[in-house]
Each structure stands twice: as structure tokens, then as C-alpha cells.
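Asks: Kindly generate the complete structure, drawing on both the sequences and the hints.
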Amino acid sequence: MNNNTILTNIIETLAKHEDSAAVGVLEDVGTNCPDDEVRRLTAKALVTRNTPDSLSIVILEKGKGINDLSTNVAMSTINELLSLKDKSKALQILNDAEENHPDENIKETARSVKALMNFC
Amino acid sequence: MEIKSISSKIFRTAPKNVENNNNQTNPFGVNFKGKMISADVFGSGSKSNLVEKVKSKMLTSALVGSMGDVAAAISTRLNSVLNYGKRIKSNVTDFWNKAKSIEIHFETPNFKELGETLKSKLNNPYNKKNIEKLDVSELRSMFKERLEIMGVA
Numbered sequence: 097m098n099n100n101t102i103l104t105n106i107i108e109t110l111a112k113h114e115d116s117a118a119v120g121v122l123e124d125v126g127t128n129c130p131d132d133e134v135r136r137l138t139a140k141a142l143v144t145r146n147t148p149d150s151l152s153i154v155i156l157e158k159g160k161g162i163n164d165l166s167t168n169v170a171m172s173t174i175n176e177l178l179s180l181k182d183k184s185k186a187l188q189i190l191n192d193a194e195e196n197h198p199d200e201n202i203k204e205t206a207r208s209v210k211a212l213m214n215f216c
Numbered sequence: 356m357e358i359k360s361i362s363s364k365i366f367r368t369a370p371k372n373v374e375n376n377n378n379q380t381n382p383f384g385v386n387f388k389g390k391m392i393s394a395d396v397f398g399s400g401s402k403s404n405l406v407e408k409v410k411s412k413m414l415t416s417a418l419v420g421s422m423g424d425v426a427a428a429i430s431t432r433l434n435s436v437l438n439y440g441k442r443i444k445s446n447v448t449d450f451w452n453k454a455k456s457i458e459i460h461f462e463t464p465n466f467k468e469l470g471e472t473l474k475s476k477l478n479n480p481y482n483k484k485n486i487e488k489l490d491v492s493e494l495r496s497m498f499k500e501r502l503e504i505m506g507v508a
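So the sequences go chain by chain: H and U.
The first sequence begins at 97 in the working numbering and counts up by one.
The second sequence begins at 356 in the working numbering and counts up by one.
Simulated from the structure, these hints should not be mistaken for lab results.
Positions of the beta carbon are idealized from the N, C-alpha and C atoms, including for glycine.
Be aware that a few hints might be false.
Claimed, not checked - Pairwise CB distance ranges, derived in the manner of DEER restraints:
id, chain 1, residue 1, chain 2, residue 2, range
1, H, Asn98, U, Lys488, 15 to 23 angstroms
2, U, Glu487, H, Leu165, 28 to 36 angstroms
3, H, Ala211, U, Pro464, 30 to 38 angstroms
Replies: In C-alpha cells:
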């Protein structure tokens, strides 16, 4: 079994894990990894969990999720958000970021993603 | 001589009772000096045997001619059936000869090796089924370890 397969298995297990502490593991270990692919898989796992704490990481934090410096990671996260069946929690956080976030770049990105989600 | 008697002698009329022969007709009104044919060919009574004979001869010749054509057609069809049968026979013979020349080998699978491979897969700690049984702290360790192995920690 190769490394990529093992890594995918670990991250997917964390995405579905019942224990909410899995969010902390994904944020600490996954979103801070220098490898783009690891960050992309981690962001996807956080969106899949679809909880306020996991969505906050990918929407509100600088350099993570939709605000990632890698265009590939950012676009992939936006795509995952648009694919959510229940978008209500994500829209709420995006709304909050658009109105209240101190960082203008994060505000702007949140506004764009919110418009996309309303359009789809 | 009286006038009445003279006129009767000059204008002599034919006798009233004329003997009629039913077998004879004379449509042209010509008197033949020779003997008359007793049978009337124009009559509707008995038919001529000659016409019948000619008719039957024509029919017979037509029938014989058609029989010759039918025989030739049957012969052609029989030959085509025979040729078809011969082709099938040669195909079957060829197939049989080819089949005899083919060798088939069966490789018996090594069940022991298969069993061991399956066992190792099931016992693999990184198998999804096994990973799902771990708690969050164990997953954290595994995650970090994997990133170190990959050189991206």
C-alpha cells in the first residue's frame, strides 16, 4: 500500500470521525503542512464535516481553505463548498465574514464565494 | 282447250309433299351429280375423332417437354444439396482436425499464496477498515508519522 493511499485513508477517517477532536487534528497537522496536496485533502475533509468549527477554519482563516495561497487548494475548497447539500451553515459563516471580518481580503473572498453559492 | 287448263299446264308447281332427308343439308343450294356424303360435317351431332386426336397429341408433346425441364430442375437442386452436404462434412472434418491439434493447459492456482496475500491485506494496519477503528489520538500519531515518512512534515 503506497503512502498516498495511506494518507488518504487517514484524512478520510478523520473527516467522518464521530469525535469532534478530529477537527483539531486536521487543523494542526493537515492545514499547516507545506505540501499542497495534503492541504487540499485536509480542506476537503473539513468541508465534508460541515460543522461550524470545521467550516470556520476554511472560510475565516488566512492561508487556509478558500484563502489558501495555492490557487489549486483555494479553488478545490470553493468547489467542495458549492457541492454541499446543506449550505446553510457555510452561508451563515460567509455572511458573518463579509460583514465583520477585519481582513479585507478575507471579506472580499467570502463575498465572492457567497455570491457563487447563491447563484448555484 | 280451256284457258284455265292451259295456265295450269304452263305454271306447273312442284308437288306439295317433298321427301326430306334429315341427314343431309345443302346450304349452297347446289345439286351434286355424284353421291352425297351421308354424314354432315357441319352438323352439331357427333364430334370428329381427328380433332380429338390432334388435341391429345399436342397435350402429350407439351407434357413430355415439360417433364424434361422438370427433371433437369430437380437434378440441379439435388446437386446443390449434395454439394452443400459435402461442404459441411469438409468443414466438420477440418474443425475436428484443428481441435485435435490444440493443446490446453490449466495452471492450478497457488491457494496458499493467495491466502497469505489476503491475510496480509486484512491485517494491514493502514487498511481503511482498521484505521476506522482507531481513536483520534492514534490517528494524529499515524498522520504525523506518515508525513514524516513522506518527507513533508
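Asks: Does each hint fit the structure? Answer for all of them.
Replies: Hint by hint, here is what the structure shows:
1. The supplied range of 15 to 23 angstroms is met by Asn98 of chain H and Lys488 of chain U, whose beta-carbon atoms lie about 21 angstroms from each other.
2. Checked against the hint of 28 to 36 angstroms, the C-beta distance between Glu487 of chain U and Leu165 of chain H comes to roughly 32 angstroms, which is consistent with it.
3. For the hinted restraint 30 to 38 angstroms between Ala211 of chain H and Pro464 of chain U, the CB-CB distance of approximately 59 angstroms leaves it violated.
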